[in-house]
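Protein chains in written order, with our numbering: chain A, 1 to 411; chain B, 1 to 411.
Misleading hints may appear alongside valid ones.
Copies of one chain are not kept apart here, so a pair can be met inside one copy or by any two copies together.
Result set (EDC-like, lysine to aspartate or glutamate): computed pairs, CA atoms no more than 16 Å apart in a straight line [unchecked claim]:
| id | residue 1 | residue 2 |
| --- | --- | --- |
| 1 | K331 | E83 |
| 2 | K169 | D309 |
| 3 | K142 | E184 |
| 4 | K142 | D205 |
If you are wondering where the hints come from, they were derived from the structure by calculation, not from laboratory data.
Listed below are the residues making up each chain.
Protein chains: 2
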Amino acid sequence: MTVGTVDRQLRDRAARVLPGGMYGHQNAKLLSPDHPQFFARGSGARVWDADGTEYVDLMCSWGPIVLGHQHEGVQRAVRAQMEKAECLNGPTDVLVELSELLVDTVAHARWALFAKNGTDATTTAVTIARAATGRDKILVAKGAYHGSAPWCTPGPAGVTAEDRVNVVKFEYNDLDSVRAAVAEAGAGNVAAIVVCPLRHDTFRDQELVEPAFAIGLRAICDTIGAALVLDEVRAGLRLDLAGSWESHGVRPDLSAWSKAIANGHALACVLGTDALREAASSIYVTGSFWMAATSMAAAVATISAIRDDDGIASMHRAGSRLRDGLEAQAKSHGFDVRCSGPAQLPFLTFAGDTDFALAREWAAGCARNGVYLHPTHNWFIGAAHTDADIDRALDGTDAAFAALAGADRAA
Amino acid sequence: MTVGTVDRQLRDRAARVLPGGMYGHQNAKLLSPDHPQFFARGSGARVWDADGTEYVDLMCSWGPIVLGHQHEGVQRAVRAQMEKAECLNGPTDVLVELSELLVDTVAHARWALFAKNGTDATTTAVTIARAATGRDKILVAKGAYHGSAPWCTPGPAGVTAEDRVNVVKFEYNDLDSVRAAVAEAGAGNVAAIVVCPLRHDTFRDQELVEPAFAIGLRAICDTIGAALVLDEVRAGLRLDLAGSWESHGVRPDLSAWSKAIANGHALACVLGTDALREAASSIYVTGSFWMAATSMAAAVATISAIRDDDGIASMHRAGSRLRDGLEAQAKSHGFDVRCSGPAQLPFLTFAGDTDFALAREWAAGCARNGVYLHPTHNWFIGAAHTDADIDRALDGTDAAFAALAGADRAA
Numbered sequence: 001m002t003v004g005t006v007d008r009q010l011r012d013r014a015a016r017v018l019p020g021g022m023y024g025h026q027n028a029k030l031l032s033p034d035h036p037q038f039f040a041r042g043s044g045a046r047v048w049d050a051d052g053t054e055y056v057d058l059m060c061s062w063g064p065i066v067l068g069h070q071h072e073g074v075q076r077a078v079r080a081q082m083e084k085a086e087c088l089n090g091p092t093d094v095l096v097e098l099s100e101l102l103v104d105t106v107a108h109a110r111w112a113l114f115a116k117n118g119t120d121a122t123t124t125a126v127t128i129a130r131a132a133t134g135r136d137k138i139l140v141a142k143g144a145y146h147g148s149a150p151w152c153t154p155g156p157a158g159v160t161a162e163d164r165v166n167v168v169k170f171e172y173n174d175l176d177s178v179r180a181a182v183a184e185a186g187a188g189n190v191a192a193i194v195v196c197p198l199r200h201d202t203f204r205d206q207e208l209v210e211p212a213f214a215i216g217l218r219a220i221c222d223t224i225g226a227a228l229v230l231d232e233v234r235a236g237l238r239l240d241l242a243g244s245w246e247s248h249g250v251r252p253d254l255s256a257w258s259k260a261i262a263n264g265h266a267l268a269c270v271l272g273t274d275a276l277r278e279a280a281s282s283i284y285v286t287g288s289f290w291m292a293a294t295s296m297a298a299a300v301a302t303i304s305a306i307r308d309d310d311g312i313a314s315m316h317r318a319g320s321r322l323r324d325g326l327e328a329q330a331k332s333h334g335f336d337v338r339c340s341g342p343a344q345l346p347f348l349t350f351a352g353d354t355d356f357a358l359a360r361e362w363a364a365g366c367a368r369n370g371v372y373l374h375p376t377h378n379w380f381i382g383a384a385h386t387d388a389d390i391d392r393a394l395d396g397t398d399a400a401f402a403a404l405a406g407a408d409r410a411a
Numbered sequence: 001m002t003v004g005t006v007d008r009q010l011r012d013r014a015a016r017v018l019p020g021g022m023y024g025h026q027n028a029k030l031l032s033p034d035h036p037q038f039f040a041r042g043s044g045a046r047v048w049d050a051d052g053t054e055y056v057d058l059m060c061s062w063g064p065i066v067l068g069h070q071h072e073g074v075q076r077a078v079r080a081q082m083e084k085a086e087c088l089n090g091p092t093d094v095l096v097e098l099s100e101l102l103v104d105t106v107a108h109a110r111w112a113l114f115a116k117n118g119t120d121a122t123t124t125a126v127t128i129a130r131a132a133t134g135r136d137k138i139l140v141a142k143g144a145y146h147g148s149a150p151w152c153t154p155g156p157a158g159v160t161a162e163d164r165v166n167v168v169k170f171e172y173n174d175l176d177s178v179r180a181a182v183a184e185a186g187a188g189n190v191a192a193i194v195v196c197p198l199r200h201d202t203f204r205d206q207e208l209v210e211p212a213f214a215i216g217l218r219a220i221c222d223t224i225g226a227a228l229v230l231d232e233v234r235a236g237l238r239l240d241l242a243g244s245w246e247s248h249g250v251r252p253d254l255s256a257w258s259k260a261i262a263n264g265h266a267l268a269c270v271l272g273t274d275a276l277r278e279a280a281s282s283i284y285v286t287g288s289f290w291m292a293a294t295s296m297a298a299a300v301a302t303i304s305a306i307r308d309d310d311g312i313a314s315m316h317r318a319g320s321r322l323r324d325g326l327e328a329q330a331k332s333h334g335f336d337v338r339c340s341g342p343a344q345l346p347f348l349t350f351a352g353d354t355d356f357a358l359a360r361e362w363a364a365g366c367a368r369n370g371v372y373l374h375p376t377h378n379w380f381i382g383a384a385h386t387d388a389d390i391d392r393a394l395d396g397t398d399a400a401f402a403a404l405a406g407a408d409r410a411a
């Protein structure tokens, strides 16, 4: 099986009117020929591609869908706001309501500033830190993804040396490397350390933060007078509504949010402490749609639903069920796999599969068996994933393991 | 009169949870106390603030509303798409449909790449030009607004010297200054010249492009092997659907679009020629919501409606009626004013009003009399502005001129 007729026709048309036929992280050329490029709709934990094939969705639109597709509470809020307005000459009251909700929900937050992309949020946080400190240097972990602006995109084409000259790298979970990076930059030149709540780089196992690392970063920032920026874009709202490092007792000065914040509606956010409030008001950042109301109404509904329905526990339970199932299946089929990351952000690699060839073939088998997941990027669980959804997914992953084992035996 | 109770209460709440109480271009602190900060809804060419006061809308949400608020065709398309999906694991067929529509509509375009902010579009265009040429330098006009990323924001706080080191300035409508900027940068170092279709800088009269300037920019880019990037974010879709310089016979290599493209729904776009296609596919830019479907469905409906209903002629007629009325009113009240820019993007200044004090007082009078416009930034007309809307606006502007004349006499 390869993708269906509609998908192939759309790819042919796209090849004429899109650069390279597609762009960005949703480019299916990075996946197997069994993965569809085009999708049509979603409902709960299921999605349908352009040819009508159904999948259990383990990518959740690469993170944004945290409550399931077409979540009724969110959709109702969006429809109600859309009847009034989306984009006006100024914000609506929903801006204030959402800001208050975030300040009440996220432990370190005293104010909120909204944008559209995760990249907007990380870049704005960096700009605020620079304005607050009068310093230029930014420390980030090697391999970490903080967006696709010139200062942080993983693709170097079109990026100038000057775009990166103020970025200094350290190793995640290695405080000595952070100290070395501080020394390299000069302690008095460091505006911020930008870090994700866990190491979720593509092309490698995920790695939870070591509590001592999180605590140590906080101490280093305090010592050198730099801002600690927590990039919650990918993991935010799935681990702890109060902030992903709250259980470690570590609160950032600034945090960047997007993806899950409005269950698939375009929104991003920077949250900050009182100490950074003046700097945040001194910078000039804006966008034509940064005050648009429907995604803010969606965010109020999304965050409230996660909180009121204990969505994080639901995601943890579903993700744990998936991981337990995958580990048992792999063992029964004779594969040595590693499931890494929090249950809510699952990922699976095969031991010794350095070029991800096994992972790609297995992911292709999953797609053929109605499970949409990714071979080289972490997956996402949503609160809509029921036990039945996970069991259906496990049927597909088991068939994919079996096919992979059969191919192995045939080879 | 000042703003109403609801607006004041919302401002008080916002002061606690937003940096500086508000941020960005919609910050009402830049306006008079008679201008509301918060809005509730819009319909056609009218908007209502949070206290229920109605205004004829001459700002169109700072550009995005090109067909009028709650345009039925656009809203229908949005609702229909929203029932299927907004954000999935890949794009929907609407991505292809919209790309084809833009390639068919905009003369220079052979491909499209979508994003969320005008700043995304200008920054991506610059990145593509750099990837294509292997060069770093970008030429922009002094005072031009190309977005709020570090390389282009008008606010310097938090921006590093390196963010701007590759940007060289010229004077709009002055080819000699462009040649001097090329010499300063070094002809072999210039990746792109980025320019707006007209000079619509804030705090000054607008200035139409001189055809010889547009033609000369094209020739200079061809001579030095740089890309001509037309920043259509503000003026696009209001002057000429084929491209704002099409009547001058000048086609850019890349163009950046946002604002009006989806009648208020969050979308931005880079369009390019075949020669830039490979470079566009070589860069890595993306965003969690760049493939989201509803704003693309809105864009298809918006562009189709402007085309099929001759929306540009409607805007031109309404803007001309407004300008004729304003000029007659100013004369009758004894004011020396200048109406500048195309009819579809009106703006009015008072002669000798270098600190914009008269403009601010007049704009405040307009707000008190049910007309929402801006004292220091160009306004926007939409296709929904009927003769009756313009006449109602002129009633308000006339009362504002009268009040200003009375204040002058009293002073």
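Hint compliance check: list the failing hint numbers for this structure, sorted ascending.
Result: hints 1 and 2 break, sorted rising.
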